[in-house]
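Undergrad: The chain contents come next:
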Amino acid sequence: MHASTVRNLLVRGMIAGVLAGLCAFVAAYVVGEPPVRDSIAQEEIHQEGAHSAPAHQHGGEAHQQGGEEEEELVSRPVQSTFGLATGVLVYGVALGGIASLVFAGCLGRIGRFGPRATAALLAGAAFVTVYLVPFLKYPANPPAVGNPDTIGKRTTLFFLMIVVSVLLAVVAVIAGRRLAPRLGNWNAAVAAGGGYAVAVAVACLVLPGNTDAIPATFPAALLWEFRLASIGVQALLWTAFGLIFGALAERALRPGKAAAVAAGEAAAPVRTAG
Amino acid sequence: MAQSVAPPAVSSTGTTGSTGTAVTPLPLRAVLPWAVFVGTLMLVLLYFVGAEQGATSVFSGAEVHEWVHDGRHLLGFPCH
Chain A
1 MHASTVRNLL VRGMIAGVLA GLCAFVAAYV VGEPPVRDSI AQEEIHQEGA
51 HSAPAHQHGG EAHQQGGEEE EELVSRPVQS TFGLATGVLV YGVALGGIAS
101 LVFAGCLGRI GRFGPRATAA LLAGAAFVTV YLVPFLKYPA NPPAVGNPDT
151 IGKRTTLFFL MIVVSVLLAV VAVIAGRRLA PRLGNWNAAV AAGGGYAVAV
201 AVACLVLPGN TDAIPATFPA ALLWEFRLAS IGVQALLWTA FGLIFGALAE
251 RALRPGKAAA VAAGEAAAPV RTAG
Chain B
1 MAQSVAPPAV SSTGTTGSTG TAVTPLPLRA VLPWAVFVGT LMLVLLYFVG
51 AEQGATSVFS GAEVHEWVHD GRHLLGFPCH
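If you're matching them up, the sequences are chains A and B in order.
For the first sequence, this note's numbering begins at 1 and goes up steadily by one.
For the second sequence, this note's numbering begins at 1 and goes up steadily by one.
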């Protein structure tokens, strides 16, 4: 019975993830693709200038990671539409699924919040911990920035930062719940949030920075435009997810038998003999 | 009788349901199997969107990387 509730929430989380992904895809196509296109143009301009930088090209050719010429694998029009949609939708479904399971674990355990408020708080927390905090240390870079030789190190550090951020957030939430009886809910939440911020700041100071410098010729305004678009896409994804999933979860938990039984249990705690 | 005239630290053990809004938590036992299996599957999906054929490759070539290229950049992953 509880298992079916969890399955219900999971399915709804993945549906909400698809819908949020669709919203994010539209935003990514409208505001994200122009700076991506301009960055690729920058890259091509730069490569023509007798610069023997490690060649990796877009649109036309694939990245030449092995140093050998390759045929065009995916054309720019496909990358910017179906490719972009695939990436954003799969990201939405996957994180929607994970978020719904975290939701199932958090519901009723992080304070007196109903399903919609819990979903909204969770989505906000996910945006901050999974995207925004790692972004502060390792901000998203457009094409033309980044040396293919350092991709391994940069990928490791980026995922490490996500893991550290999420673990610190989990610790902060648990600590907040422990402090709540002593400090009160509000002060406990402020203390937990403050503790998370300090711990994340320390992690940012300790972890090595991105070694790939932004090329001096890369326009600052374009970099800003790209990063703002990236933040916007993620903010929209999580906002949409929090609101859609909250509504779906509320319906899943309200009329069902599971909800009725749960309410019964809450009203009169069942004493198992002994 | 009338012991402790309720100092600020009320009810150390959680919520006394004064309003009916408290939600009963789902037992973690019910959540855990889903979290393990589906959670792992979802992380694999994230890997393919975010990192496959970049730092590490399950499949050789660059088709996956090229296909999700724009999404990878805009979602904030290191791409190349």
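Derived from the structure by calculation, the hints contain no laboratory data.
Backbone N, C-alpha and C define an ideal beta-carbon position, used for all residues, glycine too.
Please note that a few of the clues may not be correct.
As the list claims (entries may be wrong) - Taking lysine to aspartate or glutamate pairs in the DMTMM-like style, the calculated list, with each CA pair at most 25 Å apart, reads:
1. Lys153(A) - Asp212(A)
2. Lys153(A) - Glu63(B)
3. Lys153(A) - Glu52(B)
Unchecked claim - Distance windows between CB atoms, simulated:
4. Ser60(B) - Arg182(A): 34 to 42 Å
5. Ala197(A) - Leu28(B): 21 to 29 Å
6. Val170(A) - Pro27(B): 57 to 65 Å
7. Ala3(A) - Ser60(B): 20 to 28 Å
8. Glu63(B) - Pro34(A): 40 to 48 Å
9. Arg178(A) - Glu63(B): 26 to 34 Å
Undergrad: So, for every hint listed, does it hold in this structure?
TA: So, going through the hints one by one against the coordinates:
{"no.": "1", "hint": "Lys153(A) - Asp212(A)", "in the structure": "11 Å, holds"}
{"no.": "2", "hint": "Lys153(A) - Glu63(B)", "in the structure": "22 Å, holds"}
{"no.": "3", "hint": "Lys153(A) - Glu52(B)", "in the structure": "14 Å, holds"}
{"no.": "4", "hint": "Ser60(B) - Arg182(A): 34 to 42 Å", "in the structure": "57 Å, violated"}
{"no.": "5", "hint": "Ala197(A) - Leu28(B): 21 to 29 Å", "in the structure": "28 Å, holds"}
{"no.": "6", "hint": "Val170(A) - Pro27(B): 57 to 65 Å", "in the structure": "19 Å, violated"}
{"no.": "7", "hint": "Ala3(A) - Ser60(B): 20 to 28 Å", "in the structure": "40 Å, violated"}
{"no.": "8", "hint": "Glu63(B) - Pro34(A): 40 to 48 Å", "in the structure": "25 Å, violated"}
{"no.": "9", "hint": "Arg178(A) - Glu63(B): 26 to 34 Å", "in the structure": "49 Å, violated"}
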